[in-house]
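Asker: Protein chains in written order, with the numbering used here: chain Y, 1 to 84; chain L, 1001 to 1135.
In case anyone wonders, no lab produced these hints; they're calculated from the structure.
Accuracy of the hints is not assured; some may be wrong.
[Stated by the list, open to error] Taking lysine-lysine pairs in the DSSO-like style, the calculated list, with each CA pair at most 27 Å apart, reads:
id : chain 1 : residue 1 : chain 2 : residue 2
1  : L       : Lys-1056  : L       : Lys-1003
2  : L       : Lys-1013  : L       : Lys-1034
3  : L       : Lys-1122  : L       : Lys-1003
4  : L       : Lys-1110  : Y       : Lys-35
5  : L       : Lys-1056  : Y       : Lys-35
6  : L       : Lys-1110  : L       : Lys-1126
7  : L       : Lys-1010  : L       : Lys-1110
8  : L       : Lys-1010  : L       : Lys-1056
9  : L       : Lys-1130  : Y       : Lys-35
Treat the numbers as computed from the prediction; the structure is a model and nothing was measured.
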Amino acid sequence: MDGTDLIKACSAIGAGLAMIAGIGPGIGQGYAAGKGAEGVGRQPEAQGDIVRTMLLGAAVAETTGIYGLIVALILLFANPFLPR
Amino acid sequence: MTKTYELEVKIIKWVLIIMCGLIAVTFFIFKNPKPWALGYAFGSLIGILNFIHLGKTIERAVTMNPGRAQSYTSSRYMLRYLTTGVVIAISLRADHLNGMAVIIGLLLVKFVIFSTQVFNSKEYFKRIFKRREDD
Chain Y
1 MDGTDLIKAC SAIGAGLAMI AGIGPGIGQG YAAGKGAEGV GRQPEAQGDI
51 VRTMLLGAAV AETTGIYGLI VALILLFANP FLPR
Chain L
1001 MTKTYELEVK IIKWVLIIMC GLIAVTFFIF KNPKPWALGY AFGSLIGILN
1051 FIHLGKTIER AVTMNPGRAQ SYTSSRYMLR YLTTGVVIAI SLRADHLNGM
1101 AVIIGLLLVK FVIFSTQVFN SKEYFKRIFK RREDD
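For reference, chain Y alone in the conformation it holds in the complex (with noise of 0.2 Å):
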């Protein structure tokens, strides 16, 4: 084994590492989901201010797992530190 192997194979153990930043917002989305139908059940005319401030959370929430995903990827497909 030389050290591109190595490089490789620590890479895909960093990338499945980094794939784990994903699941955080997933959670967080259906707890949010599930806070937002709790208080649309106990308001029903605040529908509307509760969707669209849950639209923007969520929006922005997601970020931190497309940045996971990103780094997860890079490391398996344009991996810098394999020499060109």
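Given chain Y, work out where chain L should sit, using these hints.
Answerer: Below, chain L without anything else, positioned relative to chain Y:
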């Protein structure tokens, strides 16, 4: 036309304006602007589609019971995540698309939300270094 729809349209309009601006700038900066321009267009359009999908998901989720809304939103998030992953993977593999441009395009919706909806108050920036005790 509901206020939520108006907000979505406003954000999408801003994304399209910035995308056109970025595409115009690439033609002045780079010798081979086509991969950059295509990357911006591809990334921004997929970002807009993801945003519309998110809006529809949330509008439907708030009418469900909380437990079902939670699982529904999480499953839809994974679908969007998969789409984003496929788009980034294609951009990194394909020669006619610039990966960096696609990533910037995908994150353009978030940038627009931050600049037009979150940090949009001039008063906040004027008072940022003022202490409340000084008033």
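Asker: Could you run down the list of hints and mark each one as holding or not?
Answerer: Do the hints match the structure? See the list:
Distance hint between L:Lys-1056 and L:Lys-1003 is fulfilled; the C-alpha atoms sit about 14 Å from each other, no more than 27 Å. Pair hint L:Lys-1013 plus L:Lys-1034 holds up; C-alpha atoms about 23 Å apart against a cutoff of 27 Å. At roughly 23 Å between alpha-carbon atoms, L:Lys-1122 and L:Lys-1003 fall within 27 Å of each other, so this suggested pair holds. With a C-alpha separation of about 23 Å, the suggested pairing of L:Lys-1110 with Y:Lys-35 holds against the 27 Å cut-off.
A C-alpha spacing of about 17 Å is found between L:Lys-1056 and Y:Lys-35, which places the hinted pair at or below 27 Å, so the restraint holds. The straight-line distance between the Cα atoms of L:Lys-1110 and L:Lys-1126 is roughly 24 Å, inside the 27 Å bound, and the hint therefore holds. Of the supplied pair hints, the one linking L:Lys-1010 and L:Lys-1110 holds, its CA atoms being roughly 13 Å apart against a limit of 27 Å. Between L:Lys-1010 and L:Lys-1056 the CA atoms are separated by roughly 16 Å; this keeps the pair inside 27 Å, and the hint holds.
For a cut-off of 27 Å, the pair hint linking L:Lys-1130 to Y:Lys-35 is broken: about 35 Å separates their Cα positions.
Violated hint for the displayed structure: number 9, the only one.
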